[in-house]
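K.L.:
All chains should be built: construct the whole structure from the sequences, respecting the hints.
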Amino acid sequence: MKTKTAIQIIEQASRLFFPDCVILLFGSRAKNEYTPDSDYDFLIIIQHELSIEQKREYKAKIRKILARQKIPADILIQSDKEIEIKKNITGHIVKQALQEGIEI
27 MKTKTAIQII EQASRLFFPD CVILLFGSRA KNEYTPDSDY DFLIIIQHEL
77 SIEQKREYKA KIRKILARQK IPADILIQSD KEIEIKKNIT GHIVKQALQE
127 GIEI
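Counting the sequence shown from 1 gives a position; the working numbering is that position plus 26.
Calculated from the structure, these hints are not laboratory results. Among the hints, a few may not be true.
Ranges of calculated distance between the beta carbons of each label pair, as one might list FRET restraints [what the hints assert, rightly or not]: (1) Cys-47 <-> Glu-126: 17 to 25 Å; (2) Glu-110 <-> Pro-62: 31 to 39 Å; (3) Gln-34 <-> Asp-63: 19 to 27 Å; (4) Ala-86 <-> Ile-130: 14 to 22 Å; (5) Arg-89 <-> Lys-28: 13 to 21 Å; (6) Lys-28 <-> Gln-80: 26 to 34 Å; (7) Glu-83 <-> Gln-38: 13 to 21 Å; (8) Arg-82 <-> Val-48: 19 to 27 Å; (9) Thr-31 <-> Asn-114: 17 to 25 Å; (10) Lys-28 <-> Ser-77: 32 to 40 Å; (11) Ala-86 <-> His-118: 22 to 30 Å; (12) Gln-38 <-> Asn-58: 17 to 25 Å; (13) Asp-100 <-> Glu-79: 15 to 23 Å; (14) Glu-129 <-> Leu-42: 14 to 22 Å.
Pairs of lysine to aspartate or glutamate residues, derived as EDC-like cross-links and limited to a Cα-Cα distance of at most 20 Å, are as follows [said to hold, decoys possible]: (15) Lys-87 <-> Glu-37; (16) Lys-28 <-> Asp-63; (17) Lys-28 <-> Asp-65; (18) Lys-87 <-> Glu-59; (19) Lys-85 <-> Glu-129.
Just so it is clear, CB atoms sit at the ideal spot from N, CA and C, and this is done for glycine as well.
P.N.:
Dropping the structure here:
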């Protein structure tokens, strides 16, 4: 599947549950350093906080949609508040996603 099509599907699946979210693609796909086996790393930024269990449930639902299209993905869901706390922590995945991420 073409990367552009996969990104469109990722966006649609994410917005199904979080219509007003910001979605950042990061990692090898964002840096154009991917291989055919690379997954899609993306961060979904939402306005409200969710429990860890709620995040797991939403990630599972999104992954299920993506799996039907054979799109491997690593999904992070973070609230605005969580982003503010984690964005300056050296080595944190959120900091990395914000630095190299491409908004979709």
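K.L.:
Against the 20 Å threshold, does the CA-CA distance of Lys-87 and Glu-37 hold or violate the hint?
P.N.:
13 Å, holds
K.L.:
Can the suggested window of 17 to 25 Å be confirmed for the beta-carbon pair Cys-47 and Glu-126?
P.N.:
19 Å, holds
K.L.:
Look at the Cβ atoms of Gln-34 and Asp-63 and judge whether their distance stays inside 19 to 27 Å.
P.N.:
Check passed, 21 Å falls within 19 to 27 Å.
K.L.:
Mind checking the hinted window 13 to 21 Å against the Cβ distance between Glu-83 and Gln-38?
P.N.:
For Gln-38 against Glu-83, whose Cβ atoms are near 19 Å apart, the range 13 to 21 Å holds.
K.L.:
Hint says 17 to 25 Å; check whether the CB-CB distance for Gln-38 and Asn-58 agrees.
P.N.:
22 Å, holds
K.L.:
Quick check: does the Cβ-Cβ distance between Lys-28 and Gln-80 fall within 26 to 34 Å?
P.N.:
Holds: the Cβ-Cβ distance is about 32 Å, inside 26 to 34 Å.
K.L.:
Just to be sure I understand the hint, the distance between the Cβ atoms of Lys-28 and Ser-77 should be within 32 to 40 Å; is that true here?
P.N.:
36 Å, holds
K.L.:
Given the hint of 22 to 30 Å, check if Ala-86 and His-118 actually sit that far apart at their C-beta atoms.
P.N.:
With a Cβ separation near 23 Å, Ala-86 and His-118 satisfy 22 to 30 Å, so the hint holds.
K.L.:
Honestly, do Thr-31 and Asn-114 meet the 17 to 25 Å range at C-beta?
P.N.:
The hint (17 to 25 Å, Cβ to Cβ) is violated, given that Thr-31 and Asn-114 are roughly 35 Å apart.
K.L.:
Hey, Lys-87 versus Glu-59, does the alpha-carbon distance stay inside 20 Å?
P.N.:
28 Å, violated
K.L.:
If you draw a straight line from the CA of Lys-85 to the CA of Glu-129, is it 20 Å or shorter?
P.N.:
19 Å, holds
K.L.:
Is 31 to 39 Å a correct range for the gap between the Cβ atoms of Glu-110 and Pro-62?
P.N.:
36 Å, holds
Hint compliance for this structure: hints 9, 18 are not met, and every other hint is.
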